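Participant: Single-letter residue listing:
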Amino acid sequence: GQNIDQPTEMTATEGAIVQINCTYQTSGFNGLFWYQQHAGEAPTFLSYNVLDGLEEKGRFSSFLSRSKGYSYLLLKELQMKDSASYLCAVRRGSNDYKLSFGAGTTVTVRA
Amino acid sequence: EPEVTQTPSHQVTQMGQEVILRCVPISNHLYFYWYRQILGQKVEFLVSFYNNEISEKSEIFDDQFSVERPDGSNFTLKIRSTKLEDSAMYFCASYQDRVATGELFFGEGSRLTVL
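Going line by line, the protein sequences match chains A and B.
The working numbering numbers the first residue of the first sequence as 1 and each following residue consecutively.
The working numbering numbers the first residue of the second sequence as 1 and each following residue consecutively.
Bear in mind the hints are in silico, worked out from the structure with no lab data behind them.
Every value quoted in this text rests on a predicted model; they were computed, and no experiment measured them.
For every residue, glycine included, the Cβ atom is placed at its ideal position computed from N, Cα and C.
Be aware that one or more of the hints could be misleading.
Which chain B residues stay away from chain A? Per the calculated CB distances, all over 10 Å, these [what the hints assert, rightly or not]:
| hint | residue |
| --- | --- |
| 1 | Thr7 |
| 2 | Glu44 |
| 3 | Ser48 |
| 4 | Glu53 |
| 5 | Ile60 |
| 6 | Met89 |
| 7 | Ala93 |
Listed below are the simulated EDC-like cross-link pairs for lysine to aspartate or glutamate, each with C-alpha atoms no more than 20 Å apart in a straight line [unchecked claim]:
| hint | chain 1 | residue 1 | chain 2 | residue 2 |
| --- | --- | --- | --- | --- |
| 8 | A | Lys76 | A | Glu14 |
| 9 | A | Lys81 | A | Glu14 |
| 10 | B | Lys83 | B | Glu53 |
| 11 | B | Lys42 | A | Asp5 |
| 12 | B | Lys42 | A | Glu14 |
| 13 | B | Lys83 | B | Glu103 |
| 14 | A | Lys57 | B | Asp63 |
| 15 | A | Lys81 | B | Glu108 |
| 16 | B | Lys42 | A | Glu9 |
| 17 | B | Lys57 | A | Asp96 |
Derived Cβ-Cβ restraints for the label pairs, each shown as a range [unchecked claim]:
| hint | chain 1 | residue 1 | chain 2 | residue 2 | range |
| --- | --- | --- | --- | --- | --- |
| 18 | A | Gln25 | B | Ile54 | 50 to 58 Å |
| 19 | B | Gln64 | A | Gly58 | 23 to 31 Å |
| 20 | A | Gly53 | B | Arg69 | 25 to 33 Å |
| 21 | B | Asn52 | A | Thr23 | 33 to 41 Å |
| 22 | B | Lys78 | A | Thr8 | 42 to 50 Å |
| 23 | A | Tyr70 | B | Ile54 | 15 to 23 Å |
| 24 | A | Gly28 | B | Ser9 | 33 to 41 Å |
| 25 | B | Gly16 | A | Arg66 | 43 to 51 Å |
| 26 | B | Asn52 | A | Asp52 | 19 to 27 Å |
| 27 | B | Tyr50 | A | Val50 | 16 to 24 Å |
| 28 | A | Arg66 | B | Lys78 | 20 to 28 Å |
| 29 | A | Pro7 | B | Asn52 | 19 to 27 Å |
| 30 | A | Lys68 | B | Asp71 | 22 to 30 Å |
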């Protein structure tokens, strides 16, 4: 089976940093994605890691360790609009974008 | 910016009725997907479609479900006889080619409510 685990909820203050961890055990691995999803809306792409290391994109960074089956999404300089669910998803095959999603981490940013 | 569009945004139907959800993927994309998300639960893969045929489907995608690309632009999901547990948000997604640039483009979703 596929196990993708991430915390259910996190709360942080505006301007702070939050790190959302994701661990995975999947049959096959061909990349890990982070998506942001506001309530009632579609997931929007944040980052993609296929090699070990840190990918930085503005206020958001994502890290991957394939040997540990571990990734994190780092959100810096939090803004109120960052309040959303953050979805960790694993791509297993190399020829398609069938993604296995975690249950999502709801981040609440407080003033 | 090109986007995936879905219609209807919300549909309410009676149990046992047929429902067709429509999607217009981004025009030069070749790979199409349907995902669903039951309220409060995770996003789940339903089916992938490439070169006018299903390339993979999940256990959820049983005989009640079908997909079709009737013309060069539309990609539809049909549920033949809806059940209460089909109530969910259905997301269409598309991707350009096999090169892994990382972005699967999702539509805004169609919320299906089965009564």
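Participant: The structure should be examined with respect to each hint, and the outcome stated for every one.
Facilitator: For each hint, the structure was consulted:
1. Every CB of chain A lies more than 10 Å from the CB of Thr7 of chain B, the least distance being 14 Å, so the non-interface label holds.
2. The claim that Glu44 of chain B lies off the interface is violated: its Cβ sits roughly 7 Å from the closest Cβ of chain A, which falls inside the 10 Å cut-off.
3. The claim that Ser48 of chain B lies off the interface is violated: its Cβ sits roughly 5 Å from the closest Cβ of chain A, which falls inside the 10 Å cut-off.
4. The beta carbon of Glu53 of chain B is kept farther than 10 Å from every beta carbon of chain A, the shortest such distance being approximately 13 Å.
5. Listed as outside the interface, Ile60 of chain B is consistent with that label: its C-beta sits roughly 13 Å from the nearest C-beta of chain A, beyond the 10 Å cut-off.
6. The claim that Met89 of chain B lies off the interface is violated: its Cβ sits roughly 8 Å from the closest Cβ of chain A, which falls inside the 10 Å cut-off.
7. Look at Ala93 of chain B: its CB is around 7 Å from the nearest CB on chain A, not clear of 10 Å, so calling it non-interface is violated.
8. Taking the CA atoms of Lys76 of chain A and Glu14 of chain A, the gap is near 10 Å; set against the 20 Å cutoff, the hint holds.
9. A threshold of 20 Å between alpha carbons decides the hint, and for Lys81 of chain A with Glu14 of chain A the separation of about 10 Å falls inside it, so the pair holds.
10. Between Lys83 of chain B and Glu53 of chain B the alpha-carbon distance is near 25 Å, which puts this suggested pair outside the 20 Å criterion.
11. Pair hint Lys42 of chain B plus Asp5 of chain A holds up; C-alpha atoms about 11 Å apart against a cutoff of 20 Å.
12. For the hint linking Lys42 of chain B to Glu14 of chain A, the alpha-carbon distance of about 27 Å lies beyond 20 Å, and the restraint is violated.
13. Restraint check for Lys83 of chain B and Glu103 of chain B: the C-alpha separation of about 32 Å exceeds 20 Å, so the hint is violated.
14. Of the pairs offered as hints, the one joining Lys57 of chain A and Asp63 of chain B is violated, with about 42 Å between alpha carbons and a cut-off of 20 Å exceeded.
15. Between Lys81 of chain A and Glu108 of chain B, the direct Cα distance comes to roughly 18 Å. Compliance with the 20 Å bound is thereby established for this hinted pair.
16. For the suggested pair Lys42 of chain B and Glu9 of chain A, the alpha carbons sit about 14 Å apart, so the restraint of at most 20 Å is met.
17. In summary, the hint linking Lys57 of chain B to Asp96 of chain A is supported, as the alpha carbons are separated by about 12 Å, within the 20 Å threshold.
18. Between Gln25 of chain A and Ile54 of chain B the CB atoms are about 27 Å apart, so this pair departs from the stated range of 50 to 58 Å.
19. Look at Gln64 of chain B against Gly58 of chain A: about 43 Å separates their beta carbons, and that is not inside 23 to 31 Å.
20. Between Gly53 of chain A and Arg69 of chain B the CB atoms are about 38 Å apart, so this pair departs from the stated range of 25 to 33 Å.
21. In this structure the hint that Asn52 of chain B and Thr23 of chain A lie 33 to 41 Å apart at CB holds, the actual value being about 38 Å.
22. At roughly 34 Å, the beta-carbon separation of Lys78 of chain B and Thr8 of chain A lies outside the given 42 to 50 Å, and the hint is violated.
23. Take Tyr70 of chain A and Ile54 of chain B: their Cβ atoms lie about 33 Å apart, and the range 15 to 23 Å is violated.
24. Take Gly28 of chain A and Ser9 of chain B: their Cβ atoms lie about 35 Å apart, and the range 33 to 41 Å holds.
25. Distance hint for Gly16 of chain B and Arg66 of chain A: a CB-CB separation of about 47 Å, consistent with the stated range 43 to 51 Å.
26. For Asn52 of chain B and Asp52 of chain A, the hinted distance range of 19 to 27 Å is not satisfied, since their beta carbons lie about 38 Å from each other.
27. Separated by about 21 Å at the C-beta atoms, Tyr50 of chain B and Val50 of chain A satisfy the suggested range of 16 to 24 Å.
28. For the hinted restraint 20 to 28 Å between Arg66 of chain A and Lys78 of chain B, the CB-CB distance of approximately 39 Å leaves it violated.
29. At roughly 41 Å, the beta carbons of Pro7 of chain A and Asn52 of chain B sit outside the given window of 19 to 27 Å.
30. For the hinted restraint 22 to 30 Å between Lys68 of chain A and Asp71 of chain B, the CB-CB distance of approximately 47 Å leaves it violated.
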